[in-house]
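The listed protein sequences derive, respectively, from chains A and B.
Position in the first sequence (from 1) plus 210 gives the number in the working numbering.
Position in the second sequence (from 1) plus 210 gives the number in the working numbering.
One or more hints might be untrue.
List of simulated lysine to any residue pairs, SDA-like, C-alpha gap at most 25 angstroms [stated by the list, open to error]:
hint, chain 1, residue 1, chain 2, residue 2
1, B, Lys636, A, Glu484
2, A, Lys290, B, Asn292
3, B, Lys639, A, Arg296
4, A, Lys364, A, Val256
If you're looking for bench data, these hints aren't it; they were derived computationally from the structure.
Protein chains: 2
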Amino acid sequence: MSIAGQQMKNNVMQQIASVRKETAVMASSTDEQRNGLLESIADGLVRDSKAIFEANLQDMANATDCAASVRDRLKFGQEKFNSVIRSLSDVAALSDPIGKVLLRTELDDNLLLEKISVPIGVIGMVFEARPDALVQIVSLCIKSGNCIVLKGGKEAALTNKALFDSIQRSCEGSFAGTGWILLLQSHEDVNQMLKADGLIDLMIPRGTYAFVKYVKDNTRIPVLGHADGLCTMYIDRSGFVGKAVACALDAKTNYPAACNSIENLLVHKDISSEFLPIMAKAYSENGVSIVGDKRVCKIIGCPEATDNDWDTEYLSLKISIRIVDSLDEAIAFIAAHTSHHTDAIIAEDEQAVRKFLTLVDSADVFANCSTRFADGYRFGLGAELGVSTSRIHARGPVGIEGLMTTKYLLSGQGQIVGTYMGPNAKGFKHIDLGTEGPSRILSDSDEDSEDAQP
Amino acid sequence: MSIAGQQMKNNVMQQIASVRKETAVMASSTDEQRNGLLESIADGLVRDSKAIFEANLQDMANATDCAASVRDRLKFGQEKFNSVIRSLSDVAALSDPIGKVLLRTELDDNLLLEKISVPIGVIGMVFEARPDALVQIVSLCIKSGNCIVLKGGKEAALTNKALFDSIQRSCEGSFAGTGWILLLQSHEDVNQMLKADGLIDLMIPRGTYAFVKYVKDNTRIPVLGHADGLCTMYIDRSGFVGKAVACALDAKTNYPAACNSIENLLVHKDISSEFLPIMAKAYSENGVSIVGDKRVCKIIGCPEATDNDWDTEYLSLKISIRIVDSLDEAIAFIAAHTSHHTDAIIAEDEQAVRKFLTLVDSADVFANCSTRFADGYRFGLGAELGVSTSRIHARGPVGIEGLMTTKYLLSGQGQIVGTYMGPNAKGFKHIDLGTEGPSRILSDSDEDSEDAQP
């Protein structure tokens, strides 16, 4: 590598390290300070909207060769702008995620333990060419008191820069200053981010499945995200055909490119001859092409599925249908093919429902509704950070709580462990005091602590 | 590699894969079944105690060259045996960690969302030559419905085998069978475990810091543990000298080899000439050797600390003492040197306490007590799985909740997402129903669900 290249690398790592230095400022800020900053950013964006729209027109002009779907996401007009401004107020309106008490135990007289929520520290976000995503993730990081290192899709470079410049201007006069946020620009910078373990605490990649997988495979930093969404719906022998057709149709056609759309449909043999012709007609009327196993082909005359089809995320108007002999076979099929995102059963038999919900090991397991409900907004989480198929830290749709960790506080009056050991050991009381209200250890009895700048 | 070597490798990976197949059996078991198994295991160990003690004597005989501390941990006599048997009842007495409701929201009429606790899946545990650790971790995995792959320290190989054989005999007749638990024996097996991402969900290494670091650096599987415990205590200008000396003495001498003992002591300049001579006398009487910065040396005449000393985890009766000019300097010093395990302040000034507790970014941050309280038993967590200095999944002392993840269940009556979109979209209700009681989605209204084997 050239000396200039090496220097640039060092420079990026130094920039990330300097963001890390701002974690204490963000973590110790008040909800009012953070909400005030969100408000200034909204005002600033409105003030700077002309420059932002112009930058976006330039990005669009440079992206004439891109796929229509990329251009759709890239386009940042008045409508998306208004929705971004609204989302800033929505995030400000969320309850303060910092300092929630998750456990409160009196270990002994005047020895109080509390476990409280605190920001994770530094979030690394790499996202596709969707300018609205930049504002959304910045607002969630502000609300949660986290620092952030951003890298957006190259097609949106000018729009991102315009948005970022506006945000920085709003930060300048605030409690936070501008050191807590960094926008990286080049593709090589992503690889530097991936190497920044110890400086970045959590990576959130958004984009193609190949890209998310690349991030997961190339960093020691924990990753919040999902590489694939191979979802299955199973129609039990006890399912009502009307409900089953409606749910399977919605789960495939409502938004075929979404990760919570189904790719595989399993049908119990006892209901197949009644269900399949109606389902096939509904799919055909909605432009869905079907492949099936031998028994399905016999009933509805569709092309036969290949072995690969059962593991393929079509993300389009195509579905693989298979007849199974039992609930157990359906559960075993799902275990073998699911990406652990969202799987569903349609059944009236309550025992079958319970068995399916218990034994299917996915982030979301649904009964008698569409898989498309798997979504932070529909779940009422307030804001969606992403969907996680990991079992660690967060699983399923993740709201702002995915940006939080915890910290134990213990407040005493000079107690030592020696007192609680040996032949004359004093016993602990371990009285559960419940988690109501703000931290008692951090609250100020005499004065309004929000007036005191830390 | 020889063909035989390659076959053995494949064999270990196949064995781990076959453990993974048992996750559904464990996850769907009832608390009664799991407690019954814990009871059988206790009975079985008592029945097999003679063989276990004999195996341990043989291990001890083979370990004559080992350090005294290794032999101490390896020795498994009647006293440790009794404590292991007691711990099995203690774990059985814990509340059922499976199926706790963490969120319950009515999205709309007859569309109920619940987030419930479920086992993570397969735990990989690599532990030092401490036979009691084997029984403890096995019992926590049973109680939490997790499968487990174990690898114990080689010095304890015969004792571990005897314990494992006894446990397997107790499993044979139970709901769980013997497939959910695997004991690996060779050092090479550890490297196979580290490569088993997708099969093992969480690694819990216990042992030397070098070993835990090796595990963290050589696997893509999430790791619960801590590689080091460089803890600091700060004596503020507002601290009472009596309390300060008692806490700093306990934090160093109660168990110097523990990760929650302090290695650095910071003293505010305004209190240093009063505090340091008394502290130095107390340390000297308890065999603690001191190194200090120039100002400390001037007051108590100790050797000067090297630059390295401030980052050294002595794990012995040695401490580095430094005078700071302000609370801010103390906080900055800790930020530069802490391993984010446990740090403490001794102060009467409530504002100083709050500032320290807010700005110090460690898993445990204490005021006016010894750092040695950082421990799952002392915290009243019921059972300690380990201490985590990670910010993701679990932080600080981790109880059985560290073996759990979550799953979203959604139960409807045929609802589709299309109803809630577009110009005539129905709104969501998002009514928070609270988290009291067992899952309503999984409960059986008509019959006793525990009678029905899934």
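Hint by hint, here is what the structure shows:
1. Lys636(B) with Glu484(A): 31 angstroms, violated
2. Lys290(A) with Asn292(B): It is violated: about 67 angstroms lies between the C-alpha atoms, which goes past 25 angstroms.
3. Lys639(B) with Arg296(A): Given that 25 angstroms is the threshold and the Cα spacing comes to 20 angstroms, the pair holds.
4. Lys364(A) with Val256(A): Holds, because 24 angstroms separates the two Cα atoms, which is no more than 25 angstroms.
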